[in-house]
Amino acid sequence: MAEHGLLIEYAFCTGCHSCEVACQMEHGFPVDRWGIKLSEIGPWQINDDKWQYSFVPIPTDQCDLCADRVAKGKVPTCVKHCQSKVMAFGTLDELAEQMKGKTNMALFVPAQ
Amino acid sequence: MGRLLWTESTTPWKTVLDDGTEVVRTNAWSAPGCHPVGCGVKLYVKDGQLLKVEGDPEHPVTKGRLCPRCLALKEVVYHPDRITHPMKRVGARGEDKWEQISWDEAVQTIVTKSKEIAEQYGPMSIVLFAGTGREAVKFQYPLAAVALGTLNVCYSQSGWSCMGPRDTAVAFVLGSGYTEVDFGAGHLGQCDDPEYTLPEYVVLWGKDPLRSNADGLWGHGLIEIMKRGTKLINVDPRLNWLSSRSEHAIQLRPNTDTALALALLNVVINEDLYDHDFVDKWTYGFEELSERVQQYPPSFAAEVCGIPEEQIFEVARTLAAAKPWGLCMGLATDQNPNGVQLVQSLISLAAITGNLDVPGGTIVGEHMIVDVNLDAPVDPALQDMIIGQKEYPAVRAVLNTVQPDMMLEALETGKPYPLKMGWLDSSNLLAPTCSAQPMRWHDALRKLEFIVAKDIFMNPTIQALADIVLPVSTWAEHDGIVMTHYGKQSGIVGAINKAVSVGECKSDLEALLLFCQTAHPEIVAELPKYQSMENWLDGDMGRLNVPFSELKQHVTGVLDVGYHKHELGLNRPDGQPGFETVTGRVELYSTMFGRLGDDPLPYYEEPRFGPLSRPDLAKEYPLTLTTGARYYASFHSEHRQIPSLRQLTPDPLVEIHPDTAAELDIKDGDWVWIENPWGRAKQRARVVPIIRRDTVSAAHGWWFPEEDGNEPNLYGVWKSNVNQLIPHKEIGKLGFGAPFKGVCCKVYRAE
Chain L
1309 MAEHGLLIEY AFCTGCHSCE VACQMEHGFP VDRWGIKLSE IGPWQINDDK WQYSFVPIPT
1369 DQCDLCADRV AKGKVPTCVK HCQSKVMAFG TLDELAEQMK GKTNMALFVP AQ
Chain E
48 MGRLLWTEST TPWKTVLDDG TEVVRTNAWS APGCHPVGCG VKLYVKDGQL LKVEGDPEHP
108 VTKGRLCPRC LALKEVVYHP DRITHPMKRV GARGEDKWEQ ISWDEAVQTI VTKSKEIAEQ
168 YGPMSIVLFA GTGREAVKFQ YPLAAVALGT LNVCYSQSGW SCMGPRDTAV AFVLGSGYTE
228 VDFGAGHLGQ CDDPEYTLPE YVVLWGKDPL RSNADGLWGH GLIEIMKRGT KLINVDPRLN
288 WLSSRSEHAI QLRPNTDTAL ALALLNVVIN EDLYDHDFVD KWTYGFEELS ERVQQYPPSF
348 AAEVCGIPEE QIFEVARTLA AAKPWGLCMG LATDQNPNGV QLVQSLISLA AITGNLDVPG
408 GTIVGEHMIV DVNLDAPVDP ALQDMIIGQK EYPAVRAVLN TVQPDMMLEA LETGKPYPLK
468 MGWLDSSNLL APTCSAQPMR WHDALRKLEF IVAKDIFMNP TIQALADIVL PVSTWAEHDG
528 IVMTHYGKQS GIVGAINKAV SVGECKSDLE ALLLFCQTAH PEIVAELPKY QSMENWLDGD
588 MGRLNVPFSE LKQHVTGVLD VGYHKHELGL NRPDGQPGFE TVTGRVELYS TMFGRLGDDP
648 LPYYEEPRFG PLSRPDLAKE YPLTLTTGAR YYASFHSEHR QIPSLRQLTP DPLVEIHPDT
708 AAELDIKDGD WVWIENPWGR AKQRARVVPI IRRDTVSAAH GWWFPEEDGN EPNLYGVWKS
768 NVNQLIPHKE IGKLGFGAPF KGVCCKVYRA E
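Read top to bottom, the protein sequences are chains L and E. Going by the numbering used here, the first sequence opens with residue 1309, and the numbers climb by one from there. Going by the numbering used here, the second sequence opens with residue 48, and the numbers climb by one from there.
Among these hints, one or two may not hold up.
[Stated by the list, open to error] Pairwise CB distance ranges, derived in the manner of DEER restraints:
(1) E:Glu438 - L:Ile1349: 47 to 53 Å
(2) L:Met1407 - E:Gly622: 52 to 58 Å
(3) E:Thr68 - L:Arg1341: 23 to 29 Å
(4) E:Arg140 - L:Ile1349: 45 to 51 Å
If you are wondering where the hints come from, they were derived from the structure by calculation, not from laboratory data. Every residue, glycine too, gets a C-beta built ideally from N, C-alpha and C.
Let the hints inform the model, and build the full structure from the sequences given.
Here you go:
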């Protein structure tokens, strides 16, 4: 599935941890192993009106893009449970298309 | 009356996959604890074992999404420390020696003992202590009144500082159930529904709803409307994630909120920016309010709140021009001795800017669908004996419980009458969420002759106090009903559908019926509702008039409480337009406040232990402490033993501004003591610039299930227990609001 990836529109990622815990539950990972891990960037104040305060979930080398789920026609569990609906799964072409004209987007292609 | 709408879902509540796995669609509530949000869940079950939890994509609000607390449910259900059978204490209290007993023995012992105590000391010597938010809250009144014969129901938090003050203030000003910002929860199409209007602004006042889904508001619903263009104004001493995306983040000094609200009213009124039509037709006391707010110009509020004066003008003008804006009030309005005046001011602001009960505005609630009042025969003389109601009659008006500070004193002194038996119903009140001065509660409660507890895990409160423990089932293990904020607000009506069984656990409802049927068959014979689960759940659908079996088939419905109810005559039982208040109008000047011993108009009270009121204390305790910061990983004191959740927040955290931390030689990750004249607590410093320099924000509800449970350690419950720093009975005139979010403190590094 090297042509597939995860697209994160991190402007609205609230850092709720649902992707992390959903992934651990799906794969039976112990608490110190992660298929996807949140990264917190900030918080710091950029100027009077603006803060740097972002979360970006980053797939690890143990992410298999939920191959079993995808084979059953489902989306990866992190995408399904994301409370802000900021994650998408698809082919790189599809996801690159979705990125056009938007900011605060990150496209990940996990090791698989 | 609200409309119940069914979604178009065609998936039955239970399906069986080819390999025999059952998939049960349900709506989450408790145990373990959560607010009545009713997120949609699919439980995968094979051979009676819960395999997996997934979000239900057909749920109208959550649409397949879940928070970590639901996702990790399996770890709760099958946790080795879970209480799965009734137990009796076989050592001394606090000795961690328990023996499994049968339900029959447990029920017989409790019923016999409670009858003996009622006979000897009177039924009011029995007190039911209930926690917050959970399903058990729904059953506390009948459990007390019917099974135990007492009307002493106690939410033990000083000043009833959670939801009750807001509920009561809203009831006095509007005559209605609790208000809520409209994020589309009452429509099948949610915020894309044609009947819905997107709010131009949402005002989040002392609330961080993403983490806790407080008061049944599904927090991430706000993200949906933000994506569509709604802007935020956030009032919080702490700059939370939502504040960082707000047009205005007002970082005021804790517990000075009422000054800000009054100043906003001052600008809207003095600059003639209010909705004249609404004020003329629907409000009472506008002239008096106009006169009162002259005492609170923005210059005054800027000074006491520690915020820029210009920001107050800007926000007031923005809200006056916004069509519509919605008000989302948080716990900070309750945890403040001046809190009911804050709620009165904020509702007034929503009203006079014309944003009350309009689409995308602030929805006026209905009264609770579930009737918490007693349908059982109780001696009316007992009503006048409820602890603290004589001194604080406002506590009777909506909540009809004891006044919690008065309960602590009654336990300590035996006055006005001795208390002998307690029932801790899903309340780990020492841990702490719902007590100030938990050590005093510990000592006072130990005087009780007999204590029953009902919960899912052993905890410090049960270990220290209980004589018999009853096991509660999780929401995966029982049938029930969950409605957004108990059916007071637009949102969901959901069936809780049983999927698995664990040990001998019973739901709060099953236990209620069992105790009522055993203790008082003669009462139950007269009350069909108490005769079976089916009867009860059908009755619980209340005025919606739909049997539970139908809800179960649909799994989830949407309740729409409607808009413009004052115009349509839907607020009042007589069908007349207006509001269900004494004057029939929105009471900016509250006749009920006046009647019950407070000022009918809102006023500002300076925090009692801040640097302005107590410069003497400020010398040694220069910082302001706000407590109860929420985390995704826990519901108050729960979930500490759940591995996947504990990993997310392993330690109790206190947030300190980098400048303040540098002055105190504190580094990120250091263990520090937070201390004031009432107590101290040890937490881990999170040095972060999102908190005011003069304020620290501490976590609550910490205990350590991995530690020794015996007295005096009690799972380390006293170590990080920030509620020890909250003084007893520093509350408002009506008996509401303790300064859980505003006392003085100092912070220093722990060695």
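We went through each hint and held it up to the structure:
Separation of E:Glu438 from L:Ile1349 is about 52 Å and conforms to the stated range, judged on CB atoms against 47 to 53 Å. For the pair L:Met1407 and E:Gly622, the beta carbons lie near 55 Å from each other, so the given range of 52 to 58 Å is met. Remark: the range hint 23 to 29 Å for E:Thr68 to L:Arg1341 is upheld by a beta-carbon distance near 26 Å. The hinted window of 45 to 51 Å between E:Arg140 and L:Ile1349 holds, with their beta carbons roughly 49 Å apart.
The structure fails none of the hints (numbered hints given earlier).
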